[in-house]
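Participant: Next come the chains, spelled out residue by residue.
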Amino acid sequence: MGLGKSIDKLDDYYDRLAQKKVGKITPDHVDKVLAKLRAKEVKLLIEIDGAAKVAKKERLTGKLAVVREQIQRGEWLHAQITENNETA
Amino acid sequence: MARKLILPLVLALLVVGFWLKPDLQEIAAGVAIFLFGMTMLEDGFKLFSGGFLERILAKATASVPRALGFGMLTTTIMQSSSLVTIITISFLSAGLITLTAGVAIIFGANIGTTTGAWLVAGFGLKVDIAAYAMPMLAISIVLVFQSSKYMRGAGLVLAGMGFLFLGIHYMKEGFDAFQTQFDLNRFALPGLLGLVVYTLIGAGMTVVMQSSHATMVIIITALAAGQIGYENALALAIGSNIGTTITAILGAIGANYQGRRLALAHLVFNVFTAAVALAFIVPLVSIVNFLGTALGIAPDDYALKLAVFHTIFNVLGVSLMLPFLWRLITFLKRRIPEPAKDISTPIYLSDATDDFPEVAEEALRKELGHLMHNAEEVIAQGLNLNMPRLLQTSDIAATVEESTKAFPVDFDIAYDQRVKPLHAAIVEFASRMGLGDKDTPEDIMHRIHDLRAGAGRIVRAVKAVKHLRRNTTRYTETNHGTTTVLYNAIRADIARMLVEMDKIRNEDSESRSALWLDEERVQAKRSYKDAIHVTEALIRDGSLTAAEATSILNDSQYGYEALKDMIEACKTLHAETKTGLEEVERILALEEDEADEMAMDRRQRDA
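Chains as they are written, first to last, in this note's numbering: chain A, 99 to 186; chain B, 610 to 1216.
Honestly, the hints are just simulated from the structure, not real lab data. Everything numeric in this text was worked out from a predicted model, so none of it was measured. Careful: at least some of the hints might be erroneous.
[As the list claims (entries may be wrong)] Label-pair restraints from in silico Cβ distances: (1) B:758 - A:152: 42 to 48 Å; (2) B:933 - A:184: 19 to 25 Å; (3) B:758 - A:115: 16 to 22 Å; (4) A:122 - B:750: 49 to 55 Å; (5) B:1026 - A:105: 44 to 50 Å; (6) B:623 - A:122: 52 to 58 Å; (7) B:953 - A:106: 39 to 45 Å.
[Said to hold, decoys possible] Cut-off 27 Å, straight-line C-alpha distance, at most; resulting in silico cross-link-like pairs (DSS-like, lysine-lysine): (8) B:668 - A:130; (9) A:119 - B:1187; (10) B:1112 - A:151; (11) B:1187 - B:1138; (12) B:1187 - A:118; (13) B:1072 - B:1138; (14) B:1187 - A:103.
[Said to hold, decoys possible] Only some residues are given here: those of chain A computed to face chain B with a beta carbon under 10 Å: (15) 108; (16) 115; (17) 116; (18) 134; (19) 182; (20) 184.
Every residue gets a Cβ at the ideal spot worked out from N, C-alpha and C, and that includes glycine.
Model the full structure from these sequences, guided by the hints.
Facilitator: Below, the structure is given as structure tokens:
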């Protein structure tokens, strides 16, 4: 799946930041959102472990894939923001 | 009728007064300039709302002492207990602070407002404040014409203070000139009669001017000019405390039951304080004399002594009322009970939040949550599902299969009573916030627009379920084989979403994330694709008639539309609003085509 449209949205964010239309993102902001996603990942893993029906397991596994995709994007965003803040 | 007569009566009195005593014009102009200054001061501070004021107020309500201190401090800075009262009513109406915190702020504001008397008596009468007023006004006008909202706010505050100073100056000049021709002291009334009559006059003056601060300034300047006696001035000051309750009462007219409770608290507190002050006027005067001597106030400086008296009786009132704060809260709750939960009536939206965009946004968000909660019940009942059972079960699919009895609900009536009125109120409120005169910040306006769109999505979801209801009931009341299985699958998908919505609502706001709902988007898309795929396969092998297949395909579409709208509305409701976090969520969120792609990926892997 990769980073999808996140790259475009980050570029758009920087444009709006330059125009002072939006507040600055700090690595702490990304950390906070990542923590919520990781908490969800843990919850889903526990639910998958306790699921008796195959259909339910499949559904939860599908959800796990989405949250992992978002975590991956979050880690990428964290690196981008940190790098940008250091060079700025 | 009486209200209609007030305006012509006041105007007539002014005209007659000006004709009889031209020097009265200077006093009246001073009062007018002073009140104009108060209005500018309030308008200036309001421009700092939309973040600044709200953040401070929200932080200051964690405990009773903090709320009390906050009321004192803000009223001292803003020199307007009315503005603090109105802001507090708006916060309370929006459900952002507790009634106890609101009452404590009002108590604090009553002490804070006494600083005004000190400023006038200690500074305004002893210094040529008009000399300060002129440069303040000149500088303020430069700031008022700046594009920055906060610069304009600072300009209005400065101009307001300039006009306050100028108003005091004219009142002082007017009373001095007036003294040479007319001695108001002739109307001095000694004893109990004087106390009662002048208390009523003080209350009346404050009701007319809507400002106890202005009344106090008039009393002090008149007292300093020797136009009224000290005893009568004390009674006027007590009366001003009663008259000022009218501001809170007027502010509470557009507020909900909580705002009305606060206005009643204000009235109870001020009437009680005034009664105590009147009953113990003699010992209070002795205390004032004692403190006056201790503070080095000259025995004949009655203006400063009045300021001491004003402070003492307000502090005394707070000291006497604080131990009974919980009883007062109980009394208020009993006197103005929470209206019976009429689920069709907005709970959080009220006119009281209009002037404070951030509070209005929060009220709108809470109302959207209220609408969503109602809609969840309507949707569940529309699909013949019992919401409490769904929330308790560990196997939603099994619970849905067991739910075969049609609910005896009229879906149209349920929609008209529980969804439509709230949606209409949200649309009306959001539109009002969008009016140019509200000066709502762009980011808040954008979120208000999203919340309004979220309400629209909830309505669409309910309407989609309405389309589903007839066939769902038909095919799930009795067993129709494969068709029943497919309809139960549609119901189960919606039921799972209803349970997820409830879970996310009950999650701590600091822990939940709207991004979690992207999982539901992918899942909804996948279920929809599965339903189409299975239905087509069943048509091909002859398990479904063309009529049944058409119904299932149409209703799967309705089910998917309902799910999509529920998810998007839920995302809007729980989206981050804090700077930085809002943007992070936006960047990480899956776009619709990305959710489609993920759903397809899984289908292909499963195949």
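Participant: Please go over all the hints and tell whether each is borne out by the structure.
Facilitator: Hint check:
Hint check: residue 758 (chain B) to residue 152 (chain A), Cβ distance near 58 Å, so the stated range 42 to 48 Å is violated. Taking the beta carbon of each, residue 933 (chain B) and residue 184 (chain A) are about 58 Å apart, not inside 19 to 25 Å as hinted. Judged by the Cβ atoms, the range 16 to 22 Å given for residue 758 (chain B) and residue 115 (chain A) holds: they are separated by roughly 20 Å. Residue 122 (chain A) and residue 750 (chain B) have their C-beta atoms about 34 Å apart, which leaves the hinted 49 to 55 Å range violated.
The beta-carbon spacing between residue 1026 (chain B) and residue 105 (chain A), approximately 48 Å, falls within the hinted interval of 44 to 50 Å. The given range of 52 to 58 Å is respected by residue 623 (chain B) and residue 122 (chain A), whose C-beta atoms sit roughly 56 Å from each other. Against the hinted window of 39 to 45 Å, the Cβ-Cβ separation of residue 953 (chain B) and residue 106 (chain A) comes to about 43 Å, which satisfies the hint. Of the supplied pair hints, the one linking residue 668 (chain B) and residue 130 (chain A) holds, its CA atoms being roughly 21 Å apart against a limit of 27 Å.
A threshold of 27 Å between alpha carbons decides the hint, and for residue 119 (chain A) with residue 1187 (chain B) the separation of about 14 Å falls inside it, so the pair holds. At most 27 Å may separate the alpha-carbon atoms for a hinted pair to count; residue 1112 (chain B) and residue 151 (chain A) meet this at roughly 21 Å. Taking the CA atoms of residue 1187 (chain B) and residue 1138 (chain B), the gap is near 36 Å; set against the 27 Å cutoff, the hint is violated. With a C-alpha separation of about 16 Å, the suggested pairing of residue 1187 (chain B) with residue 118 (chain A) holds against the 27 Å cut-off.
The straight-line distance between the Cα atoms of residue 1072 (chain B) and residue 1138 (chain B) is roughly 22 Å, inside the 27 Å bound, and the hint therefore holds. Taken as a hint, the residue 1187 (chain B) and residue 103 (chain A) pair is honoured in the structure, with Cα atoms around 22 Å apart against an allowance of 27 Å. Checking residue 108 (chain A) against chain B by beta carbon gives a least distance of about 6 Å; that is within 10 Å, so the hint holds. A hinted interface residue such as residue 115 (chain A) counts as satisfied when its beta carbon comes closer than 10 Å to some beta carbon of chain B; here the least separation is about 9 Å, so the hint holds.
Against a cut-off of 10 Å between C-beta atoms, the interface hint on residue 116 (chain A) is violated, since the closest Cβ of chain B lies about 14 Å away. For residue 134 (chain A), the shortest C-beta to C-beta distance to chain B is roughly 4 Å, which falls under 10 Å, so the interface hint holds. With a cut of 10 Å, the hint placing residue 182 (chain A) at the interface with chain B is violated, because the nearest CB-to-CB distance is about 13 Å. Taken as an interface hint, residue 184 (chain A) does not check out: its beta carbon lies about 17 Å from the nearest beta carbon of chain B, beyond 10 Å.
Violation of the numbered hints given earlier is confined to hints 1, 2, 4, 11, 17, 19 and 20; the remaining hints are satisfied by the structure.
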